[in-house]
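Chains as they are written, first to last, in the numbering used here: chain A, 1 to 260; chain B, 1 to 260.
Take the hints with a grain of salt, since some may be wrong.
Heads up, the list lumps identical chains together, so a pair's fine if it works in one copy or across two of them.
Stated by the list, open to error - Derived SDA-like pairs: lysine to any residue, alpha-carbon spacing no greater than 25 Å straight-line:
1. LYS203 - THR222
2. LYS203 - GLN223
3. LYS94 - PHE185
4. LYS61 - ARG199
5. LYS203 - THR30
6. LYS88 - ASN213
7. LYS88 - LEU162
8. LYS118 - PRO200
9. LYS88 - MET163
To be clear, the hints were calculated from the coordinates, so they are not data collected in a lab.
The structure presented is a predicted model; accordingly, all values stated were derived computationally and were not measured.
Protein chains: 2
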Amino acid sequence: MQHPCVILVKPTLSQNIGSVARAMNNFGLTELRLVAPKVDWLNDEARALSAGADSLLENAKVFETFPEAIADLQYLYATTARPRDLNKSVMAPKEIMGPIVERAQNNTAQGLVFGNEKWGLENEDIALCDVIISIPLNPHFSSINLAQSLIIVGYEYFQTTLMGTPSSTQTLEEPASRGDLEGFFLHLEDELMMSGYLRPPHKIPVMVRTLRNLFTRAELSTQEVRSLRGVVSSLVNPNGIYSRRPKRDRLKKIEEKNDN
Amino acid sequence: MQHPCVILVKPTLSQNIGSVARAMNNFGLTELRLVAPKVDWLNDEARALSAGADSLLENAKVFETFPEAIADLQYLYATTARPRDLNKSVMAPKEIMGPIVERAQNNTAQGLVFGNEKWGLENEDIALCDVIISIPLNPHFSSINLAQSLIIVGYEYFQTTLMGTPSSTQTLEEPASRGDLEGFFLHLEDELMMSGYLRPPHKIPVMVRTLRNLFTRAELSTQEVRSLRGVVSSLVNPNGIYSRRPKRDRLKKIEEKNDN
Chain A
1 MQHPCVILVK PTLSQNIGSV ARAMNNFGLT ELRLVAPKVD WLNDEARALS
51 AGADSLLENA KVFETFPEAI ADLQYLYATT ARPRDLNKSV MAPKEIMGPI
101 VERAQNNTAQ GLVFGNEKWG LENEDIALCD VIISIPLNPH FSSINLAQSL
151 IIVGYEYFQT TLMGTPSSTQ TLEEPASRGD LEGFFLHLED ELMMSGYLRP
201 PHKIPVMVRT LRNLFTRAEL STQEVRSLRG VVSSLVNPNG IYSRRPKRDR
251 LKKIEEKNDN
Chain B
1 MQHPCVILVK PTLSQNIGSV ARAMNNFGLT ELRLVAPKVD WLNDEARALS
51 AGADSLLENA KVFETFPEAI ADLQYLYATT ARPRDLNKSV MAPKEIMGPI
101 VERAQNNTAQ GLVFGNEKWG LENEDIALCD VIISIPLNPH FSSINLAQSL
151 IIVGYEYFQT TLMGTPSSTQ TLEEPASRGD LEGFFLHLED ELMMSGYLRP
201 PHKIPVMVRT LRNLFTRAEL STQEVRSLRG VVSSLVNPNG IYSRRPKRDR
251 LKKIEEKNDN
């Protein structure tokens with residue numbers, strides 16, 4: 001059984017990372033990934049709050065970007081409030097945990113994603129996740145912190161693993177890894193830059209997010225990603241009439257331009 | 001509906017009392033009782049960690065002894081590890097929450113009891129409770145603190161009060177009609193016939209089904225279908241350099257050929 005990893009995106013408080021490690025340990029989760037952490041996750045404060053889960057902190061994997069952190073994963077769950085401008089299904093922990101445990105039993109590589117203490121997750125990151133996990137809270141007082149969210153999600157996960165294993169409705173095909181999916185996205189976006197679809201520049205981030213979001217929602221298999229890449233290649237190069245085209249990375253250039 | 005009160009017996013850390021108040025607020029619990037607190041529950045630390053639940057702290061009722069604190073209550077649940085020498089039923093939060101919510105709906109006066117951070121509850125106090133609530137944890141790492149226990153018990157209580165209310169998995173955007181979807185499929189397949197992707201003829205039905213299947217699974221919105229049509233148009237006609245192309249229906253012709 002492959003338990004989901006926990007991914008903290010840009011965490012800013014070392015005591016929260018420590019508390020997260022403690023709760024992970026309580027609920028049998030063992031792999032921690034940190035994306036661009038803003039603090040030392042191995043300082044005294046983090047270690048004290050981990051209450052003995054030091055090795056989990058020491059073995060944390062660190063990545064510079066979210067896409068790098070998820071490249072080898074097949075399913076991703078974003079724990080966050082519902083974003084206003086993303087068309088993505090939102091589920092309570094109790095609703096989604098059955099499928100998560102089932103996939104863990106099938107050794108599917110999964111990640112539970114938590115955002116930064118202040119801003120939560122950014123929409124670009126949420127767009128790469130399959131499902132939004134939203135914890136039902138008192139509507140008049142719905143402030144909940146990172147460690148608290150993890151306690152609840154971890155608790156539900158562990159309780160569900162303890163239940164009788166549900167009958168499996170496993171998918172027929174191998175789910176695509178996030179690296180494969182990212183490869184398809186870059187391929188598509190690159191072609192759409194070339195074709196003039198992605199413009200004007202200030203609208204590119206939203207257009208890209210919309211496409212990434214809808215394809216992510218489809219939970220594509222490795223074979224389907226391959227098919228889609230074939231579709232894109234064929235549409236831009238009908239009947240292979242052009243010889244091998246040079247590599248392009250115009251999207252990156254435009255993004256850099258936007259950042260400046 | 002009378003929600004259970006929360007009773008902290010001899011709490012020793014003000015930040016824990018603050019965190020408890022915050023979690024109570026998150027899960028709709030409003031009455032806090034303190035038995036012989038060892039700290040100031042209204043200091044800055046407690047207030048800061050209550051994250052806005054100050055009034056709950058200010059309205060806390062204080063008692064000298066546990067029997068005084070529970071005198072008006074009808075059912076008591078002790079959240080603690082199982083004591084060795086007491087014959088008392090032990091239940092997981094998920095097992096006991098149904099009856100607790102039912103009693104709350106009947107306005108039964110109930111109390112959720114939590115012990116001191118260091119020693120938990122004493123057997124004399126547990127003996128006065130009806131049921132022991134024990135949170136299932138990783139047997140190799142079962143250290144859990146007061147606030148964490150309360151988050152889990154409070155969470156289960158609130159979720160159980162919400163049951164029967166519909167889940168929130170609806171999508172934000174207007175789902176595409178099947179007509180819109182079919183229009184996109186025909187558009188895409190037509191272009192893929194033109195580009196030479198759909199071949200050889202005997203494989204076309206499977207290739208078409210693969211693509212239709214993956215896009216259907218994404219549960220596209222009307223706007224997303226429009227975006228995808230824009231993508232296809234742009235890829236086959238970069239920058240709109242071709243004038244309006246003639247209508248094509250090659251796929252139909254191939255299908256007719258296959259049927260014969």
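At 25 Å max between alpha carbons, let me know whether LYS118 reaches PRO200 within a copy, between copies, both or neither. Neither: 31 Å inside a chain and 55 Å across chains, both beyond 25 Å.
Evaluate LYS88 and MET163 at a C-alpha cut-off of 25 Å and name the case that applies: within, between, both or neither. between (28 Å within a copy, 23 Å between copies)
With identical chains, the pair LYS203 and THR222 could be close in the same copy or across copies; at 25 Å between alpha carbons, which is it: within, between, both, or neither? between (30 Å within a copy, 19 Å between copies)
Please sort LYS94 with PHE185 into within, between, both or neither, judging by C-alpha distance up to 25 Å. So LYS94 and PHE185 fail the 25 Å test inside a copy (31 Å) and across (36 Å) alike.
LYS203 and GLN223: within-copy, between-copy, both or neither at 25 Å Cα: between (31 Å within a copy, 16 Å between copies)
Should LYS203 paired with THR30 be assigned to within, between, both, or neither, using CA atoms and 25 Å as the limit? neither (40 Å within a copy, 45 Å between copies)
Within, between, both or neither: LYS88, LEU162 at alpha-carbon 25 Å: between (29 Å within a copy, 22 Å between copies)
Indicate which option fits the pair LYS61, ARG199 if close means a Cα-Cα distance not exceeding 25 Å: within, between, both or neither. neither (36 Å within a copy, 45 Å between copies)
I want to check one pair: LYS88 and ASN213. Are their C-alpha atoms no more than 25 Å apart within a copy, between two copies, both, or neither? For LYS88 and ASN213, both the intra-copy (7 Å) and inter-copy (19 Å) Cα distances are at most 25 Å.
Checked against the numbered hints above, the structure violates hints 3, 4, 5 and 8; every other hint is satisfied.
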